[in-house]
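If you read the protein sequences in the order shown, they are chains A and B. Be aware that the first sequence starts at 64, since it is given in the numbering used here, and climbs by one per residue. Be aware that the second sequence starts at 232, since it is given in the numbering used here, and climbs by one per residue.
Some hints here could point you the wrong way.
[As the list claims (entries may be wrong)] Beyond 12 Å from chain A on every Cβ pair, some chain B residues (computed):
#1 D297
#2 R299
#3 S321
[As the list claims (entries may be wrong)] Partial pick of chain A residues on the chain B-facing surface, computed with a CB cut under 8 Å:
#4 V111
#5 R121
#6 A125
#7 R127
#8 Y168
#9 L212
#10 Y266
#11 G297
#12 H352
#13 A374
#14 R398
#15 A414
#16 G422
#17 A448
#18 R452
Think of the hints as simulated: they come from the structure by calculation, not from any bench. Remember, predicted model here, so these are calculated numbers, not experimental data. Think of the CB as a built atom: it goes at the ideal place given N, C-alpha and C, for glycine as much as any other residue.
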Amino acid sequence: MTNELITSSASELAARLAAGEISSVEVTQAHLERTAQVDPAIHAYLHVDAEGALAAARAVDARRAAGDQLSVLAGVPIAVKDVMTATGMPTTCGSKILQGWVPPYESTVVTRIKAAGMPILGKTNMDEFAMGSSTEHSAYGPTRNPWDLERIPGGSGGGSSSVLASFQAPLATGTDTGGSIRQPAAVTGTVGTKPTYGGVSRYGLVALASSLDQAGPCGRTVLDTALLHEVMAGHDPMDSTSINAPVPAVVEAARRADVSGMRIGIVRELTGSGFQAGVQQRFDEAVQHLRDAGAEVVEVSCPSFTYALAAYYLILPSEASSNLAKFDAMRFGLRVLPEGIGDPSAEQVMAATRDAGFGDEVKRRIILGTYALSSGYYDAYYGSAQKVRRLIADDFAAAFERADVLVSPTAPTTAFRFGDKLDDPMAMYLNDIATIPANLAGVPGMSLPSGLAPEDGLPVGFQILAPAMQDQRLYAVGAALEARLLHAWGAPLLACAPTLNAVGQEA
Amino acid sequence: MAELTRADVAHLAALARIELSDHELETMVGELGIILESVATVQNAPIADVEPMSHPMPLVNVTRPDVRRPSLTAQQALAGAPEQDQQRFSVPRILEQD
Chain A
64 MTNELITSSA SELAARLAAG EISSVEVTQA HLERTAQVDP AIHAYLHVDA
114 EGALAAARAV DARRAAGDQL SVLAGVPIAV KDVMTATGMP TTCGSKILQG
164 WVPPYESTVV TRIKAAGMPI LGKTNMDEFA MGSSTEHSAY GPTRNPWDLE
214 RIPGGSGGGS SSVLASFQAP LATGTDTGGS IRQPAAVTGT VGTKPTYGGV
264 SRYGLVALAS SLDQAGPCGR TVLDTALLHE VMAGHDPMDS TSINAPVPAV
314 VEAARRADVS GMRIGIVREL TGSGFQAGVQ QRFDEAVQHL RDAGAEVVEV
364 SCPSFTYALA AYYLILPSEA SSNLAKFDAM RFGLRVLPEG IGDPSAEQVM
414 AATRDAGFGD EVKRRIILGT YALSSGYYDA YYGSAQKVRR LIADDFAAAF
464 ERADVLVSPT APTTAFRFGD KLDDPMAMYL NDIATIPANL AGVPGMSLPS
514 GLAPEDGLPV GFQILAPAMQ DQRLYAVGAA LEARLLHAWG APLLACAPTL
564 NAVGQEA
Chain B
232 MAELTRADVA HLAALARIEL SDHELETMVG ELGIILESVA TVQNAPIADV
282 EPMSHPMPLV NVTRPDVRRP SLTAQQALAG APEQDQQRFS VPRILEQD
């Protein structure tokens, strides 16, 4: 792989585009060619929009030639998670129920990306309706981890993490309801941020759990991720939960990369037992790097985090069962007629369609949510979970009294093999144990690579959490750590990933 | 904690408008039992006098000026319809046959 157009960071590409050394058409074409070569094996994309991407690239090249004032990332191509509506291409959310659906409206995030002059290469694979940690729940088949094609790329945003790790795009978007940006980043050696809840508009995103969902940027470097964060974030009148305040200065923080005098809190409940040895080892080394960079490290305790997973798997299914009620076979999406019934009722058509159109995990969570919300059980389940949610938010508040940011490993293990956890839903859910608390409390979080686990040679993720609306702290800490690790490694972690040859097999 | 029976799951599936096959029902009863046992641990947390939290931040009602703004045309709105008729969504019968 010698083409520097695909191995460059987004910020390097942006600089060369601005200097007129390269064109957006060249950059976009190089990435499309890479996809043609490697994606048959990786399966990161559900839809590639070569024509649309090249047209957008030509348009931005023309604007640059005309001397227009352009956004920093103008001309840098991007991949979009298939949960975000975009006009002119399908949005499926990895579900059969939305197969071939072309939305008549567009998410604010995608509109902003287009306005920034960024060509959209295509839509990336995901667990169906973002329910999963492996992409094994995509109705269109799993995405493979470029580090090992027999292993999962994380989920739900495994398509977005894999396009980055296989150099099919320099940037990608994600959504994170319980870790769907951070866990895929962790297991593929890439970077991903879940902004503060409300920091990025949810308008036009297919909702999983509305009080937890947050869209965010994915990249290969902390600075790239910050640059995309600024494109995606900001107040949107179309989303009533969108924060009406300036976007935290994430790019400035990433460039400064300064942690001197910062207090960094290790969350006792998110380390130690339950975490793979090599994951813990790389975490401990990263903490030492931060200490060496001038940060003060303290230990904090968040006792309620023990109940976070249980609360999450009540709150999420409850909200999802309600959000997914809109897939009713009446106005859009799949319609399946029940077998053996002449002149079926709307209700029968609905039930037959939802059986045929939803996968097992989606059905499981809808039924779980229906139960948790049902009369007689509401207080015991959903009600109790909402109270635990308060305890978790209180734990965060107390911890942030003692530390400016909190840190933990992003995921308990490195990438696991396909099929390992597919038949055991609880084992699958445990992948998100360290990422879920941030969604429950609405605070921002980032994952960045902290090395390879010695026992299996696979990437390990380092998680940083900050108080609400202090997203810039993630980037300050992330960039400082990244700089020290890069110096120690001598090359980006992804340089250690297997080279994928023309048919996408590991060379 | 209540044990989920096959009849319970069939009832929930009907409420959720999902027609599960016998095989799916069978699998679901077992899986949901395990998941419920695990999530029921929320009841062991010290939540006695805790105010429930539905949302990460206080919600305020958001309104906009009552003026017309661009919206979907009927054709756009119908573009994804499984069936349409006379510029309307065409749906199966909604009443019982007599």
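Okay, the hints, checked on the actual structure:
{"no.": "1", "hint": "D297", "verdict": "14 Å, holds"}
{"no.": "2", "hint": "R299", "verdict": "15 Å, holds"}
{"no.": "3", "hint": "S321", "verdict": "9 Å, violated"}
{"no.": "4", "hint": "V111", "verdict": "21 Å, violated"}
{"no.": "5", "hint": "R121", "verdict": "27 Å, violated"}
{"no.": "6", "hint": "A125", "verdict": "27 Å, violated"}
{"no.": "7", "hint": "R127", "verdict": "29 Å, violated"}
{"no.": "8", "hint": "Y168", "verdict": "7 Å, holds"}
{"no.": "9", "hint": "L212", "verdict": "29 Å, violated"}
{"no.": "10", "hint": "Y266", "verdict": "12 Å, violated"}
{"no.": "11", "hint": "G297", "verdict": "16 Å, violated"}
{"no.": "12", "hint": "H352", "verdict": "31 Å, violated"}
{"no.": "13", "hint": "A374", "verdict": "5 Å, holds"}
{"no.": "14", "hint": "R398", "verdict": "4 Å, holds"}
{"no.": "15", "hint": "A414", "verdict": "4 Å, holds"}
{"no.": "16", "hint": "G422", "verdict": "11 Å, violated"}
{"no.": "17", "hint": "A448", "verdict": "5 Å, holds"}
{"no.": "18", "hint": "R452", "verdict": "4 Å, holds"}
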